[in-house]
Each structure stands twice: as structure tokens, then as C-alpha cells.
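Numbering-wise (the working numbering), the sequence shown opens with residue 1 and increments by one.
These aren't lab readings, by the way, just hints derived from the structure by calculation.
These numbers were taken from a predicted model, which means no experiment stands behind them.
Just so you know, even glycine gets a beta-carbon here, dropped at the ideal spot from N, CA and C.
Treat the hints with caution; some may be incorrect.
Listed below are the simulated SDA-like cross-link pairs for lysine to any residue, each with C-alpha atoms no more than 25 Å apart in a straight line [said to hold, decoys possible]:
| no. | residue 1 | residue 2 |
| --- | --- | --- |
| 1 | 97 | 47 |
| 2 | 27 | 86 |
| 3 | 70 | 92 |
| 4 | 145 | 167 |
| 5 | 166 | 40 |
| 6 | 145 | 158 |
| 7 | 97 | 17 |
| 8 | 145 | 112 |
| 9 | 19 | 59 |
| 10 | 166 | 52 |
| 11 | 145 | 39 |
| 12 | 38 | 48 |
| 13 | 145 | 108 |
| 14 | 145 | 110 |
The calculated label-pair distances, taken between Cβ atoms and stated as ranges, are [claimed, not checked]:
| no. | residue 1 | residue 2 | range |
| --- | --- | --- | --- |
| 15 | 114 | 35 | 31 to 39 Å |
| 16 | 32 | 64 | 31 to 39 Å |
| 17 | 159 | 18 | 27 to 35 Å |
| 18 | 104 | 164 | 18 to 26 Å |
| 19 | 153 | 114 | 36 to 44 Å |
| 20 | 112 | 163 | 18 to 26 Å |
| 21 | 31 | 100 | 16 to 24 Å |
| 22 | 153 | 90 | 23 to 31 Å |
| 23 | 134 | 39 | 34 to 42 Å |
| 24 | 114 | 155 | 16 to 24 Å |
| 25 | 159 | 48 | 14 to 22 Å |
| 26 | 107 | 36 | 22 to 30 Å |
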Amino acid sequence: MDTQKHNIKTNSLEELSNKILNNRTYKELMQRMSVMEKDRIFCLHGIEHSLDVARIGYILILENGLDISKELIYAAALLHDIGRVYEYEGESSHHIKGAVVAEQILSDCDCDKQDIALICDAIRCHKLVEKEETDLRYILYRADKLSRNCYACAAYDKCYWDADMKNNSITI
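Please model the entire structure based on the sequences and the hints provided.
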């Protein structure tokens, strides 16, 4: 899907972000995830992580001069890991189920169908993305990885990620 020259049609950033944050399904899933991850010592997936991904994604957009709106990356980042609850329960991969749930949440938030498709495509692909530095899928993937401070993590040696998957640098 082409995210070039696309600005979200539905809402302002604050309006859409607040609608997502106040959505009943979103709040319920984030609460369930918090409980599921309460004893986890690495790679948490709460609101702090989502906002880190959004902010880093927006920096990448600005640095690369991309015409992807701030609203689009923030919505995608807030929702990109929402499917983790289902993955923890053994139902499916988080990026696949997350896209399905994100579609429902965005519809509930009165988001435009084209915007929903772009955001859900990025969520579905953020784990399996091809290296294209000009689309929302790649920006979400890269921001997600860069948001992880593996180099400073207490669980570095216990992490299941291979060394080449870990973020070992502070630079973006």
C-alpha cells in the first residue's frame, strides 16, 4: 500500500490518539497485557513502549523527508502490539491478530477506511517488513526495533533474540 503523500483524513492527532486511548477494547487489552507481562523482565509492550515507537517513528519520517503524517504513525504505534494478548494466549501471531483488532478499534473511533487499511497493513507487516525506508510499514518496524534499549537491558544475556536482532546502539 502506498503511504506516500498520505495524511490521515479522519481526526487530528490528539483527537484520534485520545479516541484510541479511551476505546474500551484498547483499554481492556492493554490492562490484560500489563497483567500478563507483570513479571517479565524484558521487552514490555505497554503505553510507554507504544509512545516511544510513535516518537521515534515520527523522527524517522522527518529525517527522511517522508510525507507520512504524524497522526498515521501515532495511530499505528499505539495499536501495533495490541495483539500480543492473543499471542500470549496461544491464539495467533501478534501482528496478524493485532491488525484485526486494530481495524475494529479504528472503526469504533470513526477512522476513515483508507486510513484504517494503511494502519492495519503496517501493523500486519511490522514484524515481517521488507526494507523500504519510504513506507509506514518500514517506519513502524524500524521505530519498534530502535525503541528497544537492548544494550542497557538487565536481561540481555537471557533474551531470546539473536545478537543480530538486538538493538546494540543508541543511534537512530
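Verification of the hints:
no. : hint                  : result
1   : 97 x 47               : holds, 18 Å
2   : 27 x 86               : holds, 15 Å
3   : 70 x 92               : violated, 29 Å
4   : 145 x 167             : holds, 7 Å
5   : 166 x 40              : holds, 17 Å
6   : 145 x 158             : holds, 18 Å
7   : 97 x 17               : holds, 20 Å
8   : 145 x 112             : violated, 28 Å
9   : 19 x 59               : holds, 23 Å
10  : 166 x 52              : holds, 17 Å
11  : 145 x 39              : holds, 22 Å
12  : 38 x 48               : holds, 14 Å
13  : 145 x 108             : violated, 29 Å
14  : 145 x 110             : violated, 30 Å
15  : 114 x 35: 31 to 39 Å  : holds, 35 Å
16  : 32 x 64: 31 to 39 Å   : holds, 35 Å
17  : 159 x 18: 27 to 35 Å  : holds, 34 Å
18  : 104 x 164: 18 to 26 Å : violated, 35 Å
19  : 153 x 114: 36 to 44 Å : holds, 38 Å
20  : 112 x 163: 18 to 26 Å : violated, 42 Å
21  : 31 x 100: 16 to 24 Å  : holds, 19 Å
22  : 153 x 90: 23 to 31 Å  : holds, 26 Å
23  : 134 x 39: 34 to 42 Å  : holds, 40 Å
24  : 114 x 155: 16 to 24 Å : violated, 40 Å
25  : 159 x 48: 14 to 22 Å  : holds, 19 Å
26  : 107 x 36: 22 to 30 Å  : holds, 25 Å
Going down the numbered hints, you'll see the structure goes against 3, 8, 13, 14, 18, 20 and 24, while the others check out.
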